[in-house]
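Undergrad: These are the residues of each chain, in order.
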Amino acid sequence: MSDPAKREKDRAFGAEALRWFPELTRFALSLTRNEADADDLVQETFLRAYASWDSFTPGTECRGWLFVICRNTFRRTLLRESRQVEADDAELEALAAAALHASALQAGYGTLFSEFDLSDAIGRALEALPENFREAVTLVDLNDQSYEDAARILDVPVGTVRSRLFRARRLMQEALIDHARDAGLVSTAPRPNPKGGKEMTS
Amino acid sequence: MRIFNRLFRRAPMIDCDTVMRQLWDYLDGELTPERSEAIRRHVEMCSRCRPHSEFERAFLVAVKRSRREHSQPERLRGVLVEALAEQGFAPQ
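Chains A and B are the protein sequences, given in the same order. Using numbering that gives the first Met the number 0, the first residue of the first sequence is number 0, and each one after it goes up by one. Using numbering that gives the first Met the number 0, the first residue of the second sequence is number 0, and each one after it goes up by one.
Possibly wrong hints are sitting among the right ones.
[What the hints assert, rightly or not] With a straight-line cut-off of 25 angstroms between C-alpha atoms, the simulated SDA-like cross-links for lysine to any residue are:
1. A:8 <-> B:75
2. B:63 <-> A:5
3. B:63 <-> A:8
4. A:8 <-> A:19
5. A:8 <-> A:21
6. A:8 <-> A:43
7. A:8 <-> B:85
8. A:5 <-> B:91
9. A:8 <-> A:52
10. A:5 <-> A:60
11. B:63 <-> A:57
12. B:63 <-> B:32
13. B:63 <-> A:52
14. B:63 <-> A:47
15. A:5 <-> B:90
16. B:63 <-> A:95
17. B:63 <-> A:39
18. B:63 <-> A:63
19. B:63 <-> A:148
20. A:8 <-> B:77
21. B:63 <-> A:153
22. B:63 <-> A:35
23. A:5 <-> A:57
24. A:5 <-> B:78
25. A:8 <-> B:73
26. B:63 <-> B:20
27. B:63 <-> A:38
28. A:8 <-> B:86
29. B:63 <-> A:147
30. B:63 <-> B:75
31. A:5 <-> B:20
32. A:8 <-> A:35
33. B:63 <-> A:173
34. A:8 <-> A:22
35. A:5 <-> B:32
36. B:63 <-> A:107
37. B:63 <-> A:181
38. B:63 <-> A:49
39. B:63 <-> A:98
40. A:5 <-> A:31
I should point out that these hints are in silico values taken from the structure, not numbers from a laboratory. Please read all numbers here as calculations on a predicted model, not as lab measurements.
Bound-form chain A, shown alone (with noise of 0.2 angstroms):
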């Protein structure tokens, strides 16, 4: 590569892919939920990218490609064990979080993720999950990808992603419950009146 070519690919990667190196860091830590495994991780995604920066298309989403990369490169480097487990519809799981909803309020754990600290076992109930349910959980509310940004990167339909991410939080959420039940933690909010109150439902 001539100089000039080479002085203006280094420009270029600088500006646009090490420009992501923060959220890059955060996506990788997600991943691996270990800080010497993400900055291998952090690592090798740059360097994959550096080696093959001229089949990114300049104008198109860097931050998306160097998010392939680095999740194609944990799956393909660490080995993880990958349970892969496929979601139900994201409607019924979208009906399925109101009946958890409404049995974690008669449990008296309706204010259960506003007023307790659930900080690790959120990351233990994360780290439980089947990977590609995890990953749907890691770019969408950990990454703030939207669902078509985390549809790209994982390679499968908008439609996946939301039946897996809605599977996922109902998992995560039922950790949770358990979580509070064995702890102990006792709720300060009062239990819903069963009767209801005068406001409008439909």
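On the provided structure of chain A, position chain B as indicated by the hints.
TA: Frame of chain A, contents of chain B only:
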């Protein structure tokens, strides 16, 4: 009713079942502005959907709050730039 809504620029009223089906999409900001507004209006007034929405929103906030940040990002950035330099990268 549609004419009424159009005349008064109001989002059409929707029922609890529709809200439950689309609550995650609503909380994730994935709906059109019109649909989102219709759900917001319903949730605001509905004694069944409002606690459900608050429960799910609090969950999303708690998950985001659990997000871990790297403790030494500058050290990692330095190591990364060194590794890239070994591959020929020269910051411009």
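Undergrad: A separate judgement is required for each hint: does it hold in the structure or not?
TA: How the hints compare with the structure:
1. A:8 <-> B:75: 22 angstroms, holds
2. B:63 <-> A:5: 40 angstroms, violated
3. B:63 <-> A:8: 36 angstroms, violated
4. A:8 <-> A:19: 17 angstroms, holds
5. A:8 <-> A:21: Satisfied, since the Cα-Cα distance of roughly 21 angstroms is no more than 25 angstroms.
6. A:8 <-> A:43: 19 angstroms, holds
7. A:8 <-> B:85: 15 angstroms, holds
8. A:5 <-> B:91: Measuring from Cα to Cα gives roughly 10 angstroms; hence the hint holds.
9. A:8 <-> A:52: 8 angstroms, holds
10. A:5 <-> A:60: 22 angstroms, holds
11. B:63 <-> A:57: 31 angstroms, violated
12. B:63 <-> B:32: 24 angstroms, holds
13. B:63 <-> A:52: Not satisfied, since the Cα-Cα distance of roughly 32 angstroms exceeds 25 angstroms.
14. B:63 <-> A:47: 29 angstroms, violated
15. A:5 <-> B:90: 11 angstroms, holds
16. B:63 <-> A:95: 22 angstroms, holds
17. B:63 <-> A:39: 24 angstroms, holds
18. B:63 <-> A:63: 20 angstroms, holds
19. B:63 <-> A:148: With Cα atoms ~18 angstroms apart, residue 63 of chain B and residue 148 of chain A stay inside 25 angstroms; holds.
20. A:8 <-> B:77: 20 angstroms, holds
21. B:63 <-> A:153: At roughly 20 angstroms apart (the allowed maximum being 25 angstroms), residue 153 of chain A and residue 63 of chain B satisfy the hint.
22. B:63 <-> A:35: Roughly 22 angstroms separates the two Cα atoms, so the pair holds.
23. A:5 <-> A:57: 16 angstroms, holds
24. A:5 <-> B:78: At roughly 22 angstroms apart (the allowed maximum being 25 angstroms), residue 78 of chain B and residue 5 of chain A satisfy the hint.
25. A:8 <-> B:73: 23 angstroms, holds
26. B:63 <-> B:20: Holds, because 23 angstroms separates the two Cα atoms, which is no more than 25 angstroms.
27. B:63 <-> A:38: Since the Cα atoms of residue 63 of chain B and residue 38 of chain A sit roughly 21 angstroms apart, the hinted pair holds (cutoff 25 angstroms).
28. A:8 <-> B:86: 13 angstroms, holds
29. B:63 <-> A:147: Holds, because 19 angstroms separates the two Cα atoms, which is no more than 25 angstroms.
30. B:63 <-> B:75: Distance ~23 angstroms between residue 63 of chain B and residue 75 of chain B Cα, so the pair holds.
31. A:5 <-> B:20: Distance of about 52 angstroms is beyond 25 angstroms: violated.
32. A:8 <-> A:35: Given that 25 angstroms is the threshold and the Cα spacing comes to 29 angstroms, the pair is violated.
33. B:63 <-> A:173: 18 angstroms, holds
34. A:8 <-> A:22: 22 angstroms, holds
35. A:5 <-> B:32: Violated - the C-alpha atoms of residue 32 of chain B and residue 5 of chain A are around 46 angstroms apart, more than 25 angstroms.
36. B:63 <-> A:107: OK: residue 63 of chain B and residue 107 of chain A at ~23 angstroms, within 25 angstroms.
37. B:63 <-> A:181: Given pair residue 63 of chain B, residue 181 of chain A holds - Cα atoms ~23 angstroms apart, limit 25 angstroms.
38. B:63 <-> A:49: 30 angstroms, violated
39. B:63 <-> A:98: The given pair, whose Cα atoms are some 23 angstroms apart, holds under the 25 angstroms limit.
40. A:5 <-> A:31: 33 angstroms, violated
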